[in-house]
Amino acid sequence: MGDPAASLRVLVVDDEDAVRDSLAGFLRDCGHEVRDAADGVKALEALDGFEADAVVSDIRMPVLDGIGLLKEIKRTRPGVEVIIVTGFQDMETAIEATRNNAFDYITKPYDLRQIHGLLEKIRARREMDRDLKRKDEEIARSRRLASLGALAAGVMHEINNPNTVVLGNVEMLRRRLGAALATEKTREALRASGADADWMLRALDAIEAGAWRVSEIVAATTRFAARRVETARADVKETLERLACDLRSAPPPGARLRIEVPPGPAEVEASEEEIRQIVSNLVSNAVEATDAEAVRVGDGEIVAAIRVEGGTTVIEVSDGGAGVPDRVAERLFEPFATSKRDRPGRGVGLFVVAQIAEQRGGGARYERREGRSVFTVSLPSASASPEEA
Amino acid sequence: MERVLIVDDEPMIVDLLAKRVGEAGFLAEGAGTAAEAVGRMRLHRHPIVLCDIRLPDMDGTDLVGRLKDENPLAQIVMITGYSSMDYVVECFRNGAVDYFTKPFRDLDAIVRCLKQCEERVSRWRAALPVAR
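Order-wise, the sequence lines are chains A and B.
In terms of the numbering used here, the first sequence is numbered consecutively and its last residue is 389.
In terms of the numbering used here, the second sequence is numbered consecutively and its last residue is 1132.
Just chain A, same shape as in the assembly (with noise of 0.2 Å):
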């Protein structure tokens, strides 16, 4: 009893103050939240005050009566349940309450343990709603990520047409210009009308290498679309220390990587391979993050911590860079959302990770602290023994 996740908020009508006062006195010790009312229209007024669950209320009463009170929270507030306590043998009243939807009725003399019973019966009907409502939810959004990521197929694979020919052109132009541009004659000749011999192969060089970039960008995105969402289990812990390790023995220039690992075992509904890519795209960020700026100021550091906050894990990675203006740190786990101009990288990284994190039920977030940029992904625990999931 006194349990804040078995508790309903209940509230009890009747015109006698003492029936009133000791259901309401008895359901308090429950552990719920109880208002009370003396008839039904000063029900319905404290009903415009408090969200109940459920209402408990005697049928006759003056200026609103049980069966009135019932049609009209039935009217206007169909989610709230009633339970109308009736008279003895009164079948007829019975019959009307169970006509006009009360969630069930209880015969004077009552015992108070029925109405806790009928009260449990509630709450366990409201848990079957909210979890078939969140089901209903998964369900829509993995077929708009469904539909979503053959979208990203699609285009992907219509880009690639097109990137080929410029490529396959590409290639053959720069071997028969490269052919032709090799003798002395022409080269002077292209001088004497102003042109470059040199910087038209250069300039294919580009044309070449930006579109091979569009090519990977394809690639990382396809790959990342066709990916099949099964239930998994990984140990985030393991993944992370593995990665420093690595890191240890070819470090980034400048940046230093610091973890913070709870003593046991810290696993998360979500397969290795996902969490390997939400860890390293997130320090990889960080190392790209961790300018000569920073290190200058003594903000190499790099931490990433794994906290096992119940049925969540939190993996947070901070960085010493300058972070990112406002309006970028609004889509900053959309794909592209920052310019890559002198950096590595493809641009997708935050946005798999935050993709990972949301369909795995988590989610991903950013915002400075103390000078720092701080990235928190959180991913749900998963449960205790292997042997039950």
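To be clear, the hints were calculated from the coordinates, so they are not data collected in a lab.
Predicted model, so just to flag it, every value in this text is computed and none were measured.
Pulled a few chain A residues facing chain B out of the computed Cβ check, cut under 8 Å:
no.: 1; residue: H157
no.: 2; residue: N160
no.: 3; residue: N161
no.: 4; residue: P162
no.: 5; residue: N163
no.: 6; residue: T164
no.: 7; residue: V165
no.: 8; residue: L167
no.: 9; residue: G168
no.: 10; residue: N169
no.: 11; residue: E171
no.: 12; residue: M172
no.: 13; residue: S215
Using 20 Å as the maximum straight-line C-alpha spacing, the simulated EDC-like pairs for lysine to aspartate or glutamate come out as follows:
no.: 14; chain 1: A; residue 1: K42; chain 2: A; residue 2: D65
no.: 15; chain 1: A; residue 1: K108; chain 2: A; residue 2: D15
no.: 16; chain 1: B; residue 1: K1019; chain 2: A; residue 2: E208
no.: 17; chain 1: A; residue 1: K121; chain 2: A; residue 2: D104
no.: 18; chain 1: B; residue 1: K1019; chain 2: A; residue 2: E171
no.: 19; chain 1: B; residue 1: K1068; chain 2: B; residue 2: E1002
A few chain B positions that, by computed beta-carbon distances, are all more than 10 Å from chain A:
no.: 20; residue: E1002
no.: 21; residue: G1039
no.: 22; residue: A1126
C-beta atoms are modelled at their ideal positions from N, C-alpha and C, and glycine is treated no differently.
Keeping the supplied structure of chain A fixed, place chain B upon it in accordance with the hints.
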């Protein structure tokens, strides 16, 4: 001068490949659909085929089989995009001899592959008196 059938629903790609293999001494012919490819194969019995794995009217994997039906000696080389890598094995099962991914890393490599196909077909022809 061996005939090469180039099958791709993107005309610019057919063009690109036809230009390159033409330079290498082959006689290139293009087809934009599976139906067209089968039709042309029936007419000219191309010993060498460059075939995209995704076509509007039939899976490239199925087309390999159909082309082999028309010409069992045909050397079929597949062209695939990133999203179709799963199907490459299927093509080999149906009789394809090699594959290249789009975009082409090196057109010369494709030409070398076709030259090998050409050489293979010549050997077979020499060995089989009634070969087409």
